[in-house]
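Participant: Here is how the chains run, residue by residue.
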Amino acid sequence: MNPNLARLQAITRRNFLGASSLGLGGLALSQLDANAADNQRDKDDPLAPRKPHFPGTAKRVIYLHMSGAPPHLDLLDYKPELVKHDGEACPDEYLKGKRFAFTSGVPKLLGTKQPFKQHGKSGIWMSDAIKPLHDVADDVTVIRSMKTDEFNHAPAELLLYTGFARQGRPSLGAWTCYGLGSESANLPGFVVLISNGVQPSGGQGCWGSGFLPSVFQGVQCRSKGEPVLYLSDPPGMDRDMRRLGLDAMKDLNEIQEKELGHPETRTRIAQYELAFRMQLSATEVMDISREPAKVLDSYGAKPGAGTFANNCLLARRLVESGVRYVQLFDWGWDFHGTNPNEDIRDGLTRKGTVTTQAVAALIKDLKNRDMLKDTLVVWGGEFGRTPFREGRTAGGQVLGRDHYPDCFSLMLAGGGIKAGHTHGESDDLGFKVGKDMVHIHDLQATIQHCLGFDHTKLTTRFQGRDYRLTDVHGKVVKDILV
Amino acid sequence: MIFSTGSLRVVCIITLALSTSSARGQTAKVDFNRDVRPILSNNCFACHGPDEKVRKGKFRLDTREGALEVAVVPGKPEASSLVKRLTTKDAEEAMPPAKFGKKLTAREIEILTQWVKEGADYATHWAYVKPVKPAVPEVKDAKYAIRNAVDAFIAARLIKEKLTQQPEADKYTLARRVALDLTGLPPTPEEVETFVKDASPDAYEKLVDKLLAKTAYGEHFARLWLDLARYADSAGYADDPARTIWKYRDYVINSFNANKPFDQFTIEQIAGDLLPKPTLEQQIATAFHRNTMTNSEGGTSDEEFRNVAIVDRVNTTYMVWMGTSMACAQCHTHKYDPITQKEFFGSFAFLNNTADADRPDESPTLPFWADEVLAKKKGIEAEIAGLEEKLKGKKPDEMKPERDKLAALKKEAAALKPTTSVPIMKELEGAARRKTRLQFRGNFMDLGDEVTEGVPAVFPPLPKDAPKTRLEFAKWLVSAENPLTARVIANRLWEQMFGTGIVRTSEEFGTQGELPSHPELLDFLAVDLQSDWNVKRFLKQLVMSAAYRQSAKVTPDLFERDPENRLLARGPRVRLSAEMIRDQALTAAGLLSPKTLGPSVKPPQPNLGVSAAFGGSIDWQTSTGEDKFRRGIYTQWRRSNPYPSMSTFDAPNRDTCIVRRARTNTPLQALVSMNDPVYVEAAQGLARRMIEKGGATPADKATFGFKACLVRPPTEGEVSRLVKLYEDSKAKFAKDAAKATQFATNPLGPLPKGVDAVDAAAWTVVANVMLNLDEMVMKR
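As given, the protein sequences belong to chains A and B, one line each in that order.
For the first sequence, my numbering puts the final residue at 482, and the numbers step up evenly by one.
For the second sequence, my numbering puts the final residue at 1262, and the numbers step up evenly by one.
No lab work stands behind these hints: they were computed from the structure.
A hint or two may mislead.
Which residues of chain B face chain A? A partial, calculated answer using Cβ under 10 Å [unchecked claim]:
#  : residue
1  : Ser523
2  : Gly583
3  : Gly718
4  : Glu786
5  : Ser1122
6  : Ser1129
7  : Asp1137
8  : Thr1138
9  : Leu1150
10 : Met1156
11 : Thr1197
12 : Lys1206
13 : Lys1221
14 : Glu1257
The structure presented is a predicted model; accordingly, all values stated were derived computationally and were not measured.
Just so you know, even glycine gets a beta-carbon here, dropped at the ideal spot from N, CA and C.
With the sequences and hints as input, model every part of the structure.
Facilitator: See the structure below:
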């Protein structure tokens, strides 16, 4: 290594990124270039914006996760053959050697009960359960050939977000901020919003930093109550009083710095100042009552609620303020059929309509603000659902489906993704990928590609090995790129 | 923001290893382990290493035989294809291939060339060779304070680097540093006073002995061990249900306080149940490996997650004791270290025969009964036995009253519950024993040949006639022949005291780990520790050294030269852990409870209104009374939602073993220590102490508060700045009495009689500032 660079890294204490350059390289130098271009930010700030490996088509990501896994065969993947064979015993060839979460024996095939039509000029197939999306069909790409390795929620979510089915690795959002930093100096680079009060099964691991520095982990913000933990000054303390305290703190810390000569003291002073600014800016950006009624209505958002609609609107406000990666989780998509809300007929139409109103509004809103072109929006679950009725509930009135990893659908928009495009196919009955398989690792590679990264080179060294989001897999899906 | 961990590998290797060789002049011989192996391991072994399945071009570079077969002609770089293919301009021929994404530097190619020229000697990886106690260097230069052997090694290196030591830190600084390092708490005012006034040469040693004897010592070191043991009060995965296992936490605290020899501590945890007539304590110890996660999500396979737990136990055992990442070898033969997949399952087999099986009830568990309940239970059981005896052979319609009585007694017996319980390890016997098979790609359903118990061949074997049991495996970990355990543990204890390990990658001692900064010192310490496994004695040796006792002052030049203080030309100064930051604030406030051991507690945390998936609410009912103010080690550890303020200061969620915590410096931490009600309450508590006990003048009060926080007396400048803040705040609060009352009392409660709210609020501002000073969250 160039000794000047080593020296510089030691001085700037930016060496945690330098370490990765020993591995597959590239990052450290480009990051120094970025510093030169961007002298607005403190050089010690690890969230200062950095350039990727090559110019990306997406500058930021909004990932809308439907926790529990949406029944794709009733939403995006129309299978007339399956409808034709509805109620018949599932052919043996599809069951041999397979394990399902809640189904054993021979289940019955289940054709969709949702009306399907082609929409937009592009003619993308969508059911009536997601009517609001019909309007934006020409803005999105639907992948109908997704595949994962896991059929339980927690491991499947962890595989999707960290590339590994167990806890402990950095998440997609953490990798994104590690690679790109964040454009906002007053907000966290990676924000997580949880709707309807239930965490996803994968828990905080889905937005953890794993073995990357914890500054890259997702910060959970709330649309109800205090937007960031401990953001508000304690009762009785106002901004002026806080300022008085911070001024004294700075003076005393400077005495300490002079005496001992440790640069970290300087950084701590800067962090307190950033916290002070964040108190103001986070409160502002999280307050959706500042939006016109027209916008609130389009999303179906109501100030003070903890809904997915509110969070979609917040996601737009956050990326607009320079946040790099926003992750949403919406609870209530585990359509087993154990209660009427989990029925793939009315239950799904209710859930699909209210959810996709906000999704469609977000896509249109970004487009109107000319931000869709460089904002990548992803909508989907951790796996799909079976083409047959779930075993436990097969005797009841409610129609439900079991977890299914072998083939499912996902939707993307903006940020360099083709508009009005369908990629891949499932086979006739929807059991297997028929054409152009996209594995979870391929999706990850593609998202990182859109952000300007070669997924094999965005690495960090841990326990003696270079790790990356895609582990040792992943191929960029060129067909869905503009 | 600054990262003190996970960094600087490149810089270290260069400045700590290579520069010394160049300092000795160009003629110095290349050292395989120091200079060559890291280059080969980082760039070549992935395709030309131990893993036969992915080996390219049918040759390997990790052994001399392999290298000589194809790529290397000793003494003749120009005839060696290794050198040619590194330097060729032909893109087809060049190594490593472009798609591999790595490129050697000119310096690295130079080293390899010189190595081939010098005969291409190989050496066993340094950490796999049993440490031998090296001679302690003689340091003749009187400039360097040599208090014990540690200093001799450190000073010898400083002399080579032309660096000097710092003088000993002042007594206040030293008292605070050593108390925080040994007990996790600042010293008490009495301890400080005694030490400062004691002019005898062994004043410091007396303080150290006093600290090592405190219960707080075990509580502090338990924190480190619980990270390694992945201890949590919940079972993990999606629904993350509560788990009762705090008896294990208490076992760890008690073991450290009793100064249990580390080899015994090891054997009890891995195989306490297999010791002859195991005591209760030895059985509780086996909960070490019951801290693996249990998956209770509907639709999951218990056998699958039992296997996941065993894999975790293998990885954790090797990680904790031998600094070896076995995880790679679960799915394929290790790509860097000579450990095969079959060998992974050999170790797996030792641990694969315990009775636990990913059950929601965590069985087998060990119950603990209150004496009176146990007596009652025994009485009822005797009565039941008597009645059953009486009823033997009687027809069902006979003796109705006795039958009713029996039913009632059984119901009563079932209602008696143990006070607590702890999951334990229990070895399966006879037909219930499981066979271990190799799992292809780590898939528990894709099985290969049967594998029997054994340790990897690269390490010393088990004693010849020893039975292949979990107990023998445990003994092997701490046997005199094991080259790694003593080094790994000595290094980890060093890391606790000095901030960075002698091997910086304290989790990885294999070929991909970093080289030690002071190899001889590490071996000296390893052999020393191994001689009696006496942890307190070992730690005392570290903190008695002049290296530890130096002032932490640094010049810009020295900082640039050695930003991470690997050479110890100054005293250690790193951020405190999450638990220490919390405990210290509560101590300054006079709020910290001295209560030890027992069930985990729930200090205040914000209500999030969020539930775990398929599980209960994450919010909790705050503990009352002194349980609100217990040390951080007793805080309930919920994996799906670690205590938020501690998590912000890098406390892990403990899903898996954590060897090294990060030490970040972020704005979210500032929000915690400024605004978290726990810290506001601490500021209010400290303000009241300043008012009541601090003396007459504002300067006296400020001085009192400053010492309560930072131990040392403040300078005049510091006092006047704090008094100015007090006066400015007071003037502001005087205009709004309601605000003052709120700020001085919420959440701590009404002010003591005679205390003025405006005054208390102003001092609370001052206390809040002091609790947030850089010096407060750092060792000094």
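Participant: Indicate, hint by hint, whether the structure satisfies it.
Facilitator: Hints versus structure:
1. Interface hint at B:Ser523: satisfied, since its Cβ lies 8 Å from the closest Cβ of chain A, which is below the 10 Å cut-off.
2. For B:Gly583, the interface hint holds, since its Cβ comes within 10 Å of a Cβ in chain A; the closest pair sits about 4 Å apart.
3. The beta carbon of B:Gly718 is positioned within 10 Å of a beta carbon in chain A (closest approach about 8 Å), and the interface hint is therefore held.
4. Annotation: interface hint on B:Glu786 holds; nearest CB of chain A at approximately 9 Å, less than 10 Å.
5. The interface hint given for B:Ser1122 holds, since its Cβ lies 4 Å from the closest Cβ of chain A, which is under the 10 Å cut-off.
6. The restraint placing B:Ser1129 at the interface with chain A holds, with a minimum CB-CB distance near 8 Å, inside the 10 Å limit.
7. Nearest Cβ of chain A to the Cβ of B:Asp1137: about 4 Å, under the 10 Å cut. The hint holds.
8. Interface hint at B:Thr1138: satisfied, since its Cβ lies 5 Å from the closest Cβ of chain A, which is below the 10 Å cut-off.
9. Here the hint on B:Leu1150 is kept, as its CB sits about 7 Å from the closest CB of chain A, short of 10 Å.
10. About 7 Å separates the beta-carbon of B:Met1156 from the nearest beta-carbon of chain A, less than 10 Å, and the hint is met.
11. Interface hint status for B:Thr1197: upheld, as the beta-carbon distance to the closest one in chain A is roughly 7 Å, under 10 Å.
12. With its C-beta approaching chain A no nearer than about 7 Å, B:Lys1206 sits inside the 10 Å limit, and its interface hint holds.
13. For B:Lys1221, the interface hint holds, since its Cβ comes within 10 Å of a Cβ in chain A; the closest pair sits about 5 Å apart.
14. Hint on B:Glu1257 holds. Least Cβ distance to chain A is approximately 5 Å, under the 10 Å limit.
The structure meets every hint from the earlier list without exception.
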